[in-house]
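Undergrad: One line per chain: the protein sequences are H and Y, in this order. According to the numbering used here, the first sequence is numbered sequentially starting from 18. According to the numbering used here, the second sequence is numbered sequentially starting from 18.
Mixed in with the good hints there might be a few duds.
As the list makes no split between identical chains, a pair holds if one copy fits it or if it spans any two.
[Claimed, not checked] In the DSS-like style, the derived pairs of lysine-lysine whose C-alpha atoms are separated by at most 25 Å in a straight line are:
no., residue 1, residue 2
1, Lys266, Lys410
2, Lys458, Lys479
3, Lys397, Lys429
4, Lys397, Lys649
5, Lys446, Lys458
6, Lys266, Lys458
7, Lys105, Lys491
8, Lys649, Lys446
9, Lys350, Lys650
10, Lys429, Lys650
11, Lys350, Lys67
12, Lys105, Lys131
13, Lys649, Lys410
14, Lys105, Lys307
15, Lys46, Lys169
16, Lys649, Lys350
17, Lys429, Lys649
18, Lys334, Lys105
19, Lys410, Lys650
20, Lys105, Lys65
Hints listed in this document are in silico derivations from the structure and should not be mistaken for laboratory results.
There are 2 protein chains.
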Amino acid sequence: MYQQKHQAIIIMGVSGAGKTTIGKLLSEKTAFPFFDADDFHSSENIEKMKAGVALTDADRSQWLSNLNDLLLKQLQNNSCILACSALKEAYRKVLSQHCERQVRFIHLTGTYEKILEQMRLRKGHFIPTTLLQSQFETLETPLNAYHLSINKSPEVITEEIYREIFERSEIGIVGLGVMGKSLCRNFANHGFRISMYNRHVDDKEVDIAKNFKAAFTELEEAQAFDDIPSFVQSLQHPRKILIMVNAGKPTDDVIASLTPYLTPNDILIDGGNTFFEDTARRQEALLQQKIHFIGCGISGGEEGALYGPSLMPSGNKEAYALIQPYLESIAAKDIHEQPCCAYIGEKGSGHFIKMVHNGIEYVEMQLLAEVYAILSAQRKTPDEIASILEVWKSRQADSYLLNITIDILREKENEDWLIHSIIDNAHSKGTGNWATIEITKRAIPATLIATALYARYISSCKHLRTSMSSLYPKNNAPGNDVPVEQLREAYELARIINHYQGFWLITEAFHQFGWKADLSEMARIWTNGCIIRSALMQELVTVFAEANSILTSPHFTGTIQRLKPSLSKVVATSIENEIAVPCFSEAINFLHGITTAQSAANLLQAQRDYFGAHRFQRYDAAEEQTFHHQWKKY
Amino acid sequence: MYQQKHQAIIIMGVSGAGKTTIGKLLSEKTAFPFFDADDFHSSENIEKMKAGVALTDADRSQWLSNLNDLLLKQLQNNSCILACSALKEAYRKVLSQHCERQVRFIHLTGTYEKILEQMRLRKGHFIPTTLLQSQFETLETPLNAYHLSINKSPEVITEEIYREIFERSEIGIVGLGVMGKSLCRNFANHGFRISMYNRHVDDKEVDIAKNFKAAFTELEEAQAFDDIPSFVQSLQHPRKILIMVNAGKPTDDVIASLTPYLTPNDILIDGGNTFFEDTARRQEALLQQKIHFIGCGISGGEEGALYGPSLMPSGNKEAYALIQPYLESIAAKDIHEQPCCAYIGEKGSGHFIKMVHNGIEYVEMQLLAEVYAILSAQRKTPDEIASILEVWKSRQADSYLLNITIDILREKENEDWLIHSIIDNAHSKGTGNWATIEITKRAIPATLIATALYARYISSCKHLRTSMSSLYPKNNAPGNDVPVEQLREAYELARIINHYQGFWLITEAFHQFGWKADLSEMARIWTNGCIIRSALMQELVTVFAEANSILTSPHFTGTIQRLKPSLSKVVATSIENEIAVPCFSEAINFLHGITTAQSAANLLQAQRDYFGAHRFQRYDAAEEQTFHHQWKKY
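Between the sequences and the hints, there should be enough to build the whole structure, so can you do that?
TA: Structural data, given as structure tokens:
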């Protein structure tokens, strides 16, 4: 049995459902004190009810507030049990004020006929049966409760509640990969009772959950499973299950294996790097079975997941409200100690911005790789490069990725640096790929993400590169080394452009989807926990409070204009030195392009009209008017 | 009625089907001389048949050859009718040698019982009924014939044949947009009888086909329709219908409207810029109804479609054989007078290479736009730039796109050049978009296509560019002008890299699909008719006969190495001059990247392993072995 934190168990339901009976039985079994809310009514309320007059919300207000005081007082020293109809969500909200995480609602449910019969058998109760109909009408079935039918005997019902309260976990985690494991430990470290599941695969995945539980003291109270039915039955209602498996088919498979055991109002949370359209599809499909599905982007890698990730949930907002305390507890905290977790919006919007987050991350990594390439070509050692980056840290460039790059470059193995032993074949998973496809499909040229992805693809052509390098020896560099300070400035500007493009992509895509984008809030939840946290991201929280674009923010215009020559020069020098700098190049080309009022694309339109009669617009005509010219004289 | 070219109408089918009866009736109706193949048998063959012995193919060889001579002789002056069983494809091939386009097979079909009954009613015929079974066994039902059931009266059958021969068109074209219209005129100019269909849309598309027919003398004999049933019924069997509508839903809609009126063996040809996977999907779906579907990439724009496009058909090879003469007739001709039309392979392979063709085209256009941007920044007039390009023409750079660019730059309107009035907002249709998505999905970094597409997207951000240009004024250029000869060399190399990437994309993708790629043949059909025809493409025909990659071909290695400094210098200078040159930049970055044996991507792998435990490969271990390092010391 779990070591319990104090709990307030509220037995709720319409009058006559048997709340007092069950409450007393449970009190006997648990030795928790029992209170009947009816005993706390004012005499005026009691008179009204005796006269068959329904209480108004005003009549109830002071009563509910008194009950909440009672619970708060009890919880200081003990758990307790309260029988209270609590028919409306608003009542339940007052009851659980300031003790949300400790209150558990047990809803006794029955048909009108069954309860009427039960009431007729009762004596000495002051509520006339005429009120029952109005009770049924008032009842707002709670999402966040354990619903128990009164068709069973009071003893069986009490036993069920006992199990729910004492033996079941608050949240379940499916999939114990790197991220899943870290999140389990994070939940456990925050005092959550968890159930953990990992599939069994003969000879390959055996006793994963059990062995994991055994390895960490914080998991002593966690329950470990390798079969789905027991795992689901180990969870409190409504069940909250976080799925941490690979995106795509594995996620669909897990969902399919879970659903036969779920009941309405259960909540699945997909914390994988899922394609955002899949999230919306799954939400719709599961809604047919009244299962809620929250797509939740999670960033932070192994360490972030363990000590506090950045969380990007989206989907049904009411269902989200039920898991919000869980997610906020395990999330990283921003500089104001607020959780790096925010409801992003409907459908797969959370996974969409996680995809863009990863796109920004691809570029941040590639820019560091290009810095490393440029400095290595100057025959600097990894340690020397790390020292240079250390200086940059204090000058605008501080970021998680910069810090780990410094760690990496300093890592030695025997006499050499470890980085020298690592093969330059960079892999990629789905998100960079998806982001590039979205950019392409939606005509939003956040070009750096595509460039960074393709740089990885080119890195994977290792055999081709090796054979080409002997066919095309590098020409002798003209001896122009990029000055370190110029490189720092170029890096600073390229990062600004990267962040501009990333948030621009979100703005434009959300506009296409008809979603509302709160850029400042997105930047805020990315200031800690996630891979792209940085001093720049912290600046963006305030920048986006006032501007909706980095390029038009007065905070940046001067800096960008000042740094432009350095980025131009670094690209020019590197290319003449025959060093590939695709992201630096694209950053400056994008900036040059997006600040060009009149480009050469008029020639493209003329060509298209010449060979395909595709027509063009003219400066001296309305925008919607198009023209075809007979270019060729036959 | 059509003005006929001479035709040889061969009435075929098993013995007893009534070929002679029908042949004679048709001869009376048309005044074409009638011949009965049986009259041309040697006496040895007649004896054998009387004795109930089936003829061997050797027995038939001389007989068929004599019949072919007869047809060829007749066709010099007249049409003619021949009754001949022609049961096997091989026999029909001999019969129609050297007169394929003039021979029409009419196949009289009936059940064994029906024909047996008909034979029993007949007198004086030397074939015993015992042979009938063997005739049915021998029969290879022709794909390329008009099948007519003998259940109708000989007069009705004759009337039907008359209509087929004299009143129906050889090919139908659906969709009279720019390309559809040009192709109609092209077919008509090559002596084909065509039917043309364009939908009717109230107030928008009214009498399109009729008015088009009226506008051109070569369409005098063409049939014009705006209703599908009449259009389909106006076509000879098997019907050959070329669909020229927008890709996607419009194509599906046209197919759905046609199929109820089609019969087995009819052939649909999709000449639109269709996504290649859609082509394969449609082929499979239509095969259920025994309809053949050929996806045919068509390039050439308005003019190419009219005077000779480049054609890239794919799909069922036997069905293709039936339309091959049609397509080859209208195709452009290469320098050896061979048609720029080649069977590309199965499924949507034709549309796939058309997509890549268009990708190469996007880049070729963008490179010219960048040349124009660089030279314009040097305050050269469009005419001066045209004169420079005129010189380049004679030095490796000759291409269709270069030529039309020269025409465009010289075009004046009043006192100014027309190009100055055209808005620099370049549109794009599906192919560049799809090509970029394929590059991304298949991890084949043919990066220039993506870059050219994104350049168009940036051009479409006209309002953003205009407002950004005042926020970020261009810094004064340091006065470095790119020398024209250096620019020519850069352009030459960037085009080589563009073609390398395009054919590399085809090679790698075909490999993934398990298709066979004949790069030399693809280059050959792109040497004329299409938008990317050029002197370089002509060189590639022979280069790909010996090498499967431009970068490894000895024909190019020296040139590439020699031109590299010019491309580097042009990019460096342009970027410092604050001119966006995304395709030139990406070309040199790609070349630098793909010729770098050891890149900085080892840092990416280290970073991925640091934050996500994604593991890396090591130089001192086997390729399949991966490692995780504990970077952070806790």
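Undergrad: Look at each hint and say if it fits the structure.
TA: For each hint, the structure was consulted:
Within a single copy, Lys266 and Lys410 get their C-alpha atoms no closer than 41 Å, and across copies no closer than 54 Å, so neither meets the 25 Å cut-off. For the identical chains of this complex, Lys458 and Lys479 are inter-copy neighbours only, at 19 Å across copies versus 30 Å inside a copy, given an alpha-carbon limit of 25 Å. Only within a single protomer do Lys397 and Lys429 lie at most 25 Å apart by alpha-carbon distance; the minimum there is 15 Å, versus 57 Å between protomers. When the C-alpha separation of Lys397 and Lys649 is checked against a cutoff of 25 Å, the pair qualifies only between copies, where the shortest distance is 23 Å, while the shortest distance within a copy is 58 Å.
Taking the closest pair of Cα atoms, Lys446 and Lys458 come within 25 Å of each other both inside a single copy (19 Å) and across two copies (11 Å). With identical chains, the CA atoms of Lys266 and Lys458 are at most 25 Å apart both within one copy (23 Å) and between copies (17 Å). Within a single copy, Lys105 and Lys491 get their C-alpha atoms no closer than 75 Å, and across copies no closer than 64 Å, so neither meets the 25 Å cut-off. Only between protomers do Lys649 and Lys446 lie at most 25 Å apart by alpha-carbon distance; the minimum there is 23 Å, versus 49 Å within a single protomer.
Only between protomers do Lys350 and Lys650 lie at most 25 Å apart by alpha-carbon distance; the minimum there is 23 Å, versus 70 Å within a single protomer. In this homomeric assembly, Lys429 and Lys650 come within 25 Å of each other (Cα to Cα) only across copies, at 13 Å, whereas the closest approach inside a single copy is 71 Å. Taking the closest pair of Cα atoms, Lys350 and Lys67 never come within 25 Å of each other, the shortest separation being 52 Å inside a single copy and 101 Å across copies. Taking the shortest Cα distances, Lys105 and Lys131 sit within 25 Å of each other inside one copy (22 Å), while across copies they are farther apart (83 Å).
In this assembly of identical chains, the alpha carbons of Lys649 and Lys410 lie at most 25 Å apart only when taken from different copies (18 Å versus 60 Å within one copy). In the homo-oligomer, the alpha carbons of Lys105 and Lys307 lie at most 25 Å apart inside one protomer (21 Å), although the nearest pairing across protomers, at 64 Å, exceeds that limit. For the homomeric pair Lys46 and Lys169, the shortest alpha-carbon distance inside one copy (18 Å) is at most 25 Å, but the shortest distance between copies (93 Å) is not. For a Cα distance limit of 25 Å, the shortest separation of Lys649 from Lys350 across copies, 21 Å, qualifies, whereas the shortest one inside one copy, 66 Å, does not.
Taking identical chains as interchangeable, the C-alpha atoms of Lys429 and Lys649 lie at most 25 Å apart only when they sit on different chains, with a minimum of 13 Å there against 67 Å within one chain. In this assembly of identical chains, the alpha carbons of Lys334 and Lys105 lie at most 25 Å apart only when taken from the same copy (19 Å versus 71 Å across copies). In this assembly of identical chains, Lys410 and Lys650 lie within 25 Å of each other by CA distance solely across copies; the values are 20 Å between and 63 Å within a copy. Proximity of Lys105 to Lys65 under the C-alpha cut-off of 25 Å is restricted to the intra-copy arrangement: shortest distance 20 Å within a copy versus 101 Å between copies.
Hint compliance for this structure: hints 1, 7 and 11 are not met, and every other hint is.
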